[in-house]
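Asker: The listed protein sequences correspond, in order, to chains E and F.
For the first sequence, this note's numbering begins at 1 and goes up steadily by one.
For the second sequence, this note's numbering begins at 1001 and goes up steadily by one.
Just so you know, these hints were derived from the structure itself, not from any lab.
Here the structure is a predicted model, which means the values were calculated and not measured.
Positions of the beta carbon are idealized from the N, C-alpha and C atoms, including for glycine.
Mixed in with the good hints there might be a few duds.
[Unchecked claim] From chain E, some residues computed to sit far from chain F (all C-beta separations above 10 Å):
id: 1; residue: G53
id: 2; residue: P62
id: 3; residue: L86
id: 4; residue: R100
id: 5; residue: L106
id: 6; residue: I153
id: 7; residue: V161
id: 8; residue: L210
id: 9; residue: M214
id: 10; residue: Q230
id: 11; residue: L255
id: 12; residue: Q256
[Said to hold, decoys possible] Pairwise CB distance ranges (calculated):
id: 13; chain 1: E; residue 1: Y148; chain 2: F; residue 2: S1064; range: 55 to 61 Å
id: 14; chain 1: F; residue 1: E1259; chain 2: E; residue 2: L81; range: 50 to 56 Å
id: 15; chain 1: F; residue 1: D1071; chain 2: E; residue 2: V159; range: 24 to 30 Å
id: 16; chain 1: F; residue 1: D1071; chain 2: E; residue 2: L244; range: 53 to 59 Å
id: 17; chain 1: F; residue 1: S1062; chain 2: E; residue 2: L200; range: 45 to 51 Å
id: 18; chain 1: F; residue 1: G1300; chain 2: E; residue 2: L244; range: 56 to 62 Å
id: 19; chain 1: E; residue 1: Q164; chain 2: F; residue 2: R1311; range: 38 to 44 Å
id: 20; chain 1: F; residue 1: D1025; chain 2: E; residue 2: F189; range: 36 to 42 Å
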Amino acid sequence: MSALHLQIAYCPGHSWLHRLHPLTKLLWLLAGTVFVFAVRDPWIIVGSVVLVGLTFPLSRLPWRGVRGMRLTLVTALTLWLMQALLTRSGPVLLALGPLRVTETGLTAGVYVAGRLLSVVWLGYLFVFTTEPNDLAYGLMQAGLPYRYGFALITALRLVPVFEQEGQTIYQAQLARGIAYDRGGPRRFFTLARQFFLPLLVSALGKVDALAVSMEGRCFGKYPRRTYLRQVRYTHRDWIALGLLVVGIGASVLLLQ
Amino acid sequence: MIHLRDFSYRFRGSKAYALRDLTLDIERGEFAVIAGPSGSGKSTLALALGGFLFSQYDGEASGSVHVNGLDARHTPIYELAEVVGLVQQNPETQFCTLTVQDELAFGLENCCLPPEEIRARLAWALDVVGARHLEHRALATLSGGEKQRVAIAAMLATRPQVLIFDEPTSNLDPSATAQIFEVIARIRAEDRITVIVIEHKLDYLRQFAPRWLHIEGGRLQERAPIFQSSSNRQHPHIPTAQPPLVRITGLHAEHERQEVLHDISLEIQPGEFVAVMGDNGSGKSTFLQCLLGLHQPSAGQLTVLGHDPRRTPVSQLARQVAYVFQNPDHQLFAQSVWDEATLAPRNFGLPEGEIAGTAASLLTSSGLHARRDEHPYRLSYGEKRRLTLVAMLTYQPRLLLLDEILIGQDPRNAEQLLTWLRERVAAGSAVVLVNHAPEITRRYATRLLFFEAGRLTLDAPTEAGFAALAAQGRRAYLPATGA
């Protein structure tokens, strides 16, 4: 059995985007999201989608390996079609019996689908190129109280642990003749209870033990702490942030 | 350094005292070893000294516990933590971060040390435990032994005045165990740190001439353990000629595209008691998993009781082949001790009357019968371990695969488990026991398999096997010769 692997997760790499500081990327993500929602020109939206899409191959990210990619495309297409077919106002471009495609409908479809694609893909780009640990440390060094930062790190730390635990429990149950591998939905609830109870007990135990362990390492003793791992800003970040400032300035002028 | 006065402790909902009227003084720089049966209160004492007992559990305490002048009962853990470092049994529960470097830095960062100081201490602590090469690794990729070293280094780095080790080597192979104890002795000699070690592997600690303490039934005594000579071993059972239970030719197995078993060929006959030894990560567990079909081999012939595990559902093969995992918590699924003991035979459709009879007699001889209606999670670690074995013995499997089940078991408990196994062997089953204890292998096993980096480098009758290991200079795997 292959345990549940996170499909949308960090893909290690050395691209330009990988090497940016997590906060630089976070700012770009926020600015990009605001931008596509503020823009009032369908061609700019199309341009944004193309630009964001091209960033995937440029960051050497596997276009096809991404499981959510097809889902976003299908959703976007459906939204676009619905807008195109259901909008009644505006000049008619095409009429097929009761169906009428209007210019307003087409444009509205581009807005909805384009915004969805841009925002989701920007999110993917961020997640795929940012080591979550770096994000947590980056945020803490930027002033996030360390308790919140470590909540993120702890959650990350426990994911592989629970994967492993689940795997072992599953194997131990097979060894006791619990017939997962012979099917039969009738016993589903018994099986679920027999699987999740040990997992839950071990999860709660682990979380509890971890909290105490952290305290046992002086966690929470002082309101601040120091960091060995410095998530550093490099010249790339200054370039990226400079571009961002120029971009925001241009957008503000453009949108007025 | 450590002063206990009439200290007693009782967990909530428990009638018996976990610790009773303990009075103890340990001076700065002392090296104390606490021994005693499992469930006797050793770990409870360790938790009390670190203050964990009073914030993690709401039990009933009386008397006093002072560590370096701090009242452990009323001082926050993070204050005590600067004085006391507790290395827990399972390093996995101690890790707070994702990488070795972050882990070692964690405590120091919390104490607001400057990065240069952290870097220096980190290097020093990793050097002491011989783990400098692991500095840039992710914790998840480390072997059990490596994790334990990192856990110890992480505690060392904070330079506490008292270091408590709660069975620090229970997950380690003999070579790693010997090294860890060397490390502990060295730390203490260098820094005059007070060291308290809770252990079952007392043989290793003898050479350091520690102060011996013994806890039993929650009461503390000052007394040295009795070291058994290994000359009282029994004659191995001679297997009879029958069709083999297991036949393997040219077995290969991989784990995440890395070869973990290379060209293994062997047969296991009914009535054999096979001990499997080797360093952590040498392929022992994967070998066992292949036999029940829990791991799919990548190449080779494999027949277990006439079936190919690759083409047989695990739940069907499990009727004849029992597998007991290292951690009992992963194997307790039922709502009561009784249900747990009878779960598997019911799954296999054995007659109710027969199940009840076997389960009752096994629970009685394991001392669990009085607790048959309690939830399995309420048992102690040693009791859980016994229950997981009882749960297997109720359906009398022909082949028993046991993965390091003796970890954390005191000698008396271990003896009981091994006696049961020997009875199964006498009844014509075969036992394959992965273990790290040469004494146990010598006393119980008829045959010794030794794995090295995925290869079966030794397959011989036990005594001949030990002679071969001696010739290879693998001293850590040899039983102590006489007393």
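Asker: Each of the hints needs a verdict: does it hold here or not?
Answerer: Taking the hints in turn, this is what the structure says about them:
no., hint, in the structure
1, G53, "holds, 32 Å"
2, P62, "holds, 18 Å"
3, L86, "holds, 49 Å"
4, R100, "holds, 56 Å"
5, L106, "holds, 48 Å"
6, I153, "violated, 6 Å"
7, V161, "violated, 7 Å"
8, L210, "violated, 7 Å"
9, M214, "violated, 5 Å"
10, Q230, "violated, 7 Å"
11, L255, "holds, 42 Å"
12, Q256, "holds, 46 Å"
13, E/Y148 with F/S1064: 55 to 61 Å, "violated, 37 Å"
14, F/E1259 with E/L81: 50 to 56 Å, "holds, 51 Å"
15, F/D1071 with E/V159: 24 to 30 Å, "violated, 39 Å"
16, F/D1071 with E/L244: 53 to 59 Å, "holds, 55 Å"
17, F/S1062 with E/L200: 45 to 51 Å, "violated, 34 Å"
18, F/G1300 with E/L244: 56 to 62 Å, "holds, 58 Å"
19, E/Q164 with F/R1311: 38 to 44 Å, "violated, 27 Å"
20, F/D1025 with E/F189: 36 to 42 Å, "violated, 56 Å"
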